[in-house]
Amino acid sequence: MLNYYWRLLATLWGFISFSLGGLLISVTLFPWFYVVVRDPLQRKLRAQYVVYRIFGIFLSQLCFLGVMKLTVHQRDKLQNAPGKLVIANHPCLLDVVSIISVLPRADCVVKSALWRHPFLAWVVRGASYIRNDNDAEKLLDRCVASIKQGNPLVIFPEGTRTKPGQPLKFQRGAANIAVRGDIDILPITVSCYPTTLTKADKWYHIPSKPFHLQLWVGDVIQTQKIIADCEHNSTKSRRLTQYLLDYYTKEIESHERTRE
Numbered sequence: 000m001l002n003y004y005w006r007l008l009a010t011l012w013g014f015i016s017f018s019l020g021g022l023l024i025s026v027t028l029f030p031w032f033y034v035v036v037r038d039p040l041q042r043k044l045r046a047q048y049v050v051y052r053i054f055g056i057f058l059s060q061l062c063f064l065g066v067m068k069l070t071v072h073q074r075d076k077l078q079n080a081p082g083k084l085v086i087a088n089h090p091c092l093l094d095v096v097s098i099i100s101v102l103p104r105a106d107c108v109v110k111s112a113l114w115r116h117p118f119l120a121w122v123v124r125g126a127s128y129i130r131n132d133n134d135a136e137k138l139l140d141r142c143v144a145s146i147k148q149g150n151p152l153v154i155f156p157e158g159t160r161t162k163p164g165q166p167l168k169f170q171r172g173a174a175n176i177a178v179r180g181d182i183d184i185l186p187i188t189v190s191c192y193p194t195t196l197t198k199a200d201k202w203y204h205i206p207s208k209p210f211h212l213q214l215w216v217g218d219v220i221q222t223q224k225i226i227a228d229c230e231h232n233s234t235k236s237r238r239l240t241q242y243l244l245d246y247y248t249k250e251i252e253s254h255e256r257t258r259e
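Counting from 0, one number per residue, gives the positions in the sequence shown under numbering that gives the first Met the number 0.
20 Å max Cα-Cα, derived PhoX-like pairs, lysine-lysine: (1) Lys68 <-> Lys208; (2) Lys137 <-> Lys110; (3) Lys168 <-> Lys198; (4) Lys198 <-> Lys162; (5) Lys83 <-> Lys137; (6) Lys168 <-> Lys110; (7) Lys198 <-> Lys110; (8) Lys201 <-> Lys162; (9) Lys249 <-> Lys168; (10) Lys137 <-> Lys147; (11) Lys162 <-> Lys249; (12) Lys162 <-> Lys110; (13) Lys83 <-> Lys147; (14) Lys83 <-> Lys224.
Hints in this document: simulated from the structure, not taken from any laboratory.
Working from the sequences, and respecting the hints, build out all of it.
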C-alpha cells in the first residue's frame, strides 16, 4: 500500500515536472534560439533536439521513481527512421513522449489544441511541429516536405488514444502522406501493461504495480510494394491503410499472447 501511494505522488510530480519543464524551456532556451540561430531550419533542428533530450530525462525520472519501466526492442532499427514516416499505435498518454525520446530529430503531427496550451504552446511552436488542423492539402505537403528533408515524421494513424478492449480504427492520414510522397514507413508497436493513462483514465487512476511501456521497432514497410497494382491515389490509400491496420492488429495480438 505504501508503494501505491508513493507511485501516486510520483505520478503527480511527473505531471507537474512535465508542465514546468515545458514552461522553463519555453521562456529560456527557445527564445535564445530565436536570437542566436538565424537559419530557421537549424533553429528547428536544435529545438527538436532539446525536446528529444527533455523527453528522455522525463522518462528516466519516472523510471527512477518507480512509476514505470521502459523497454525499446530492436533499437538498432531506429537508424532507418530518417526520411521515413514513423507510425505507431496509441494506447497511452506517454506514447509520443517515448517515441520522440528515441528519435533525436523527429518532426511530429500534433493536435492544434497544443498551440493554446499554457505550458506546451511554445514548445510545439519552437520545435515547428505540424498542426493537424491545417488545410488538408497544405498539411500533406508540409508532412511530405519534412520527410524529404530527411526527418522522421511521427504520426498516429488512430488520431487519438485507443479505447481499451476496442478494435483499432485507422484514419487515412498516414497512408495519404506515404502515397503522396512515395514514402516508406517505419512501424513502432507500443504496449503498455498494466493499462494506464488511457483516454478514459484520470491521472490518479494508477495501476497496482509499475506499468511497463514497451516499443517494438519493426522493419521498414515499402509502400510501393503494397500499392503497386492500384491506379488511383484514393485506392492506394485505402489499400495501405488496411495493410497497416492488419499489421498492427497482428502485432498487438502477438505481444499480448507472449505476455500471457
